[in-house]
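K.L.:
Chains A and B, in that order, are what the protein sequence lines are. Start counting the first sequence at 1; every next residue gets the next number (our numbering). Start counting the second sequence at 1; every next residue gets the next number (our numbering).
Check before you lean on any hint, since a few could be wrong.
[What the hints assert, rightly or not] Distance condition first, Cα-Cα at most 30 Å in a straight line; then the derived DSSO-like pairs of lysine-lysine: (1) B:Lys13 <-> B:Lys66; (2) B:Lys91 <-> B:Lys13; (3) A:Lys6 <-> A:Lys56; (4) A:Lys6 <-> B:Lys26; (5) B:Lys91 <-> A:Lys56; (6) B:Lys12 <-> B:Lys277; (7) B:Lys66 <-> B:Lys26; (8) B:Lys12 <-> B:Lys84; (9) A:Lys56 <-> B:Lys26; (10) A:Lys74 <-> A:Lys56; (11) B:Lys66 <-> B:Lys91; (12) A:Lys56 <-> B:Lys84; (13) A:Lys6 <-> B:Lys66; (14) B:Lys66 <-> B:Lys84; (15) B:Lys26 <-> B:Lys277; (16) B:Lys277 <-> A:Lys56; (17) B:Lys13 <-> B:Lys183; (18) A:Lys6 <-> B:Lys13; (19) B:Lys91 <-> A:Lys6; (20) B:Lys12 <-> B:Lys66; (21) B:Lys277 <-> B:Lys183; (22) B:Lys26 <-> B:Lys13; (23) B:Lys26 <-> B:Lys12; (24) B:Lys66 <-> A:Lys56; (25) A:Lys74 <-> A:Lys6.
[Said to hold, decoys possible] Far from chain B, some chain A residues (derived; all Cβ distances over 10 Å): (26) Lys6; (27) Asp13; (28) Leu24; (29) Arg30; (30) Glu35; (31) Val62; (32) Arg66; (33) Thr71; (34) Thr83.
Worth flagging that the hints you see were computed from the coordinates, not collected in a lab. We put the CB at the ideal spot given by N, CA and C, even for glycine.
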Amino acid sequence: MTVTVKLSPLLVDLFPGSSRRVELEAASVREVIDELDRRWPGMRDRICDTRPAIRKHMNVFVDGERSTLSTPLKHGADVFIITAISGG
Amino acid sequence: MPERVLVLIGTKKGVFIAESDADRRKWDLRGPYCETWPMQHVIADQNTGTIYGAGGNEWFGPAVWKSDDLGHSWTHSSAGLAYKEGEEPVKSVWSLAARNGTLYAGVEPAGLFASDDRGESWSHVEGLRNHPSRTEWNPGGAGLILHSLVPDPADESRIWVGISSAGVFYTEDGGRTWEPRNKGTRADFMPEDQRYPEFGQCVHCLVQAPGGGDLLYQQNHCGMYRSEDGGRTWQSIEEGLPSTFGFPAAVHPRERETLYLLPLNGDIYGRFVPDAKAAVWRTRDGGRTWEDLREGLPQENAFFGVLRQAMATDRMEPAGVYFGTSGGALFASGDEGESWSCIAEHLPSISSVETLVIEG
C-alpha cells in the first residue's frame with residue numbers, strides 16, 4: 001500500500017539526493033525503513049540501531065501515533081521520521 | 001615542492017581544519033564539516049591524504065566520515081560497524097588508525113573494527129571482546145571507550161589498544177587473541193591491596209615511539225609511564241612533572257625518546273592546567289628529565305583542560321606541536337615546543353588534534 005513518508009531535514013542533509021517527502025509502498029514501519037535504505041544506502045543505520053529498534057533519540061510517528069518497527073500501515077498513512085528534542 | 005600542513009580538529013560540533021605553509025606562522029581556518037556531528041577523532045592516512053573522522057551522534061548513532069579532497073566534502077558510513085543483534089549497540093566511534101591499507105576503528109562500548117575498503121564497510125575484530133576479562137571491564141568517565149589504537153607499522157600482526165578503564169591490551173596475531181599489558185601501572189582508585197591489577201587501569205592515552213617497535217609511552221589517570229618491552233612492563237616517568245594526571249601524549253616524529261605531555265592539576269581539582277598556567281612538558285631522554293615549555297602560552301587565569309586525543313606533532317623539520325583545549329582554543333608551535341601561538345579560538349570544545357603534511 002502507498003504511504004507518505006516525511007523525513008527530518010537533518011536526515012535529508014546526510015543523504016544527498018534524498019527528499020523531505022517520499023511516497024513508497026510499505027505495510028509496516030520496518031518496510032518503510034527497508035525501502036528508504038534501498039533508495040539511500042545507509043539510511044537504516046541512522047534511524048535504527050542493531051538491537052534492532054528505532055534509535056533512542058529518533059521518533060517515528062504513524063498518523064500521529066509514536067510507533068515501532070512492527071507498527072502496521074494503512075493505505076494512505078502519513079509516516080513522520082523525526083529527531084527527538086532530547087538528542088541535541 | 002613546498003609543503004603545507006593541515007591541522008585536523010575534531011570538536012563536539014563538527015570538524016575544522018587549520019592550514020598553513022611550511023613556516024606555520026599564518027593560519028587559515030575552515031569548517032565546520034560533518035554536519036556538526038560530535039567528532040571524537042579525525043586522522044589522515046599519510047600515504048593517501050584521505051581524511052577520516054570518527055563520530056557518534058545522539059540522534060543518528062556511530063559513523064566514520066571520509067574526505068578525499070582535504071576536507072572540503074565528506075561521505076559517511078557505518079556499514080558493518082555493529083555488534084550482534086541483541087547486544088548493546090555501538091554508540092560512537094572514538095579512535096581511528098590507518099596501516100598499510102587497513103583502517104581500524106575503536107568504538108564505545110569498547111571494541112575494535114577493521115575496514116579494508118577505506119571505511120566503506122567494517123568487520124568486527126571479535127577476538128578483543130572475546131577476552132575473558134571483558135565482563136569485568138568498567139567504563140571511565142567518558143564511557144567504556146576504546147580510545148587509543150596503536151597498530152605497529154613495523155609488524156602487521158601487532159596492535160596495542162587502550163580502553164578506559166580496562167587498560168592496555170595487545171595482540172600479536174592480528175587480533176585473534178589478546179592479552180592485558182598493564183604490569184607496573186597503578187590503579188589508585190582501587191583498594192590499597194589491589195592497586196596493580198592485571199587489567200582495569202584507567203589508561204588515558206597510549207602512543208608508540210616513531211618507527212614502531214617496543215618503545216611505548218602512556219598517560220594514565222594515575223601516572224605517566226614508558227615501556228621498553230611492548231607493554232609487558234611499565235616504568236613510571238612522572239618524577240619531575242607537576243602532577244600525575246593528564247590526558248594526551250604525543251611523540252616526536254623522528255626522535256624516539258622525545259615525548260610531549262600536558263599534565264593537568266588532578267582528577268579532583270577541576271582538571272585544569274596546574275596553577276591556571278598553561279605548559280607543555282617535554283622530555284628528550286625518554287622521561288628521565290622534563291622541561292616545561294610556556295613561551296606564548298597563557299600564564300594566568302587559564303582554566304582549561306586538554307583531552308586525550310587533542311595533542312599532536314607534525315613531521316616537518318623542525319617538528320610542529322599542537323594542542324586543542326576544552327575551551328575551543330588551538331595552540332601551535334613550529335619549533336618543537338619552544339614557542340607557541342594561539343591559531344584559533346572560540347571553537348567548540350576540542351576532542352582531537354592530528355596533522356597532515358602535503359606537497360604543494
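K.L.:
Compare the structure with each hint and give your call.
P.N.:
Evaluated hints:
no.	hint	result
1	B:Lys13 <-> B:Lys66	17 Å, holds
2	B:Lys91 <-> B:Lys13	17 Å, holds
3	A:Lys6 <-> A:Lys56	19 Å, holds
4	A:Lys6 <-> B:Lys26	46 Å, violated
5	B:Lys91 <-> A:Lys56	11 Å, holds
6	B:Lys12 <-> B:Lys277	24 Å, holds
7	B:Lys66 <-> B:Lys26	27 Å, holds
8	B:Lys12 <-> B:Lys84	28 Å, holds
9	A:Lys56 <-> B:Lys26	44 Å, violated
10	A:Lys74 <-> A:Lys56	25 Å, holds
11	B:Lys66 <-> B:Lys91	19 Å, holds
12	A:Lys56 <-> B:Lys84	18 Å, holds
13	A:Lys6 <-> B:Lys66	28 Å, holds
14	B:Lys66 <-> B:Lys84	25 Å, holds
15	B:Lys26 <-> B:Lys277	25 Å, holds
16	B:Lys277 <-> A:Lys56	41 Å, violated
17	B:Lys13 <-> B:Lys183	38 Å, violated
18	A:Lys6 <-> B:Lys13	26 Å, holds
19	B:Lys91 <-> A:Lys6	25 Å, holds
20	B:Lys12 <-> B:Lys66	18 Å, holds
21	B:Lys277 <-> B:Lys183	33 Å, violated
22	B:Lys26 <-> B:Lys13	24 Å, holds
23	B:Lys26 <-> B:Lys12	25 Å, holds
24	B:Lys66 <-> A:Lys56	26 Å, holds
25	A:Lys74 <-> A:Lys6	16 Å, holds
26	Lys6	16 Å, holds
27	Asp13	6 Å, violated
28	Leu24	21 Å, holds
29	Arg30	14 Å, holds
30	Glu35	18 Å, holds
31	Val62	19 Å, holds
32	Arg66	16 Å, holds
33	Thr71	19 Å, holds
34	Thr83	5 Å, violated
Taken one by one, the earlier hints fail for this structure at numbers 4, 9, 16, 17, 21, 27, 34, listed in ascending order.
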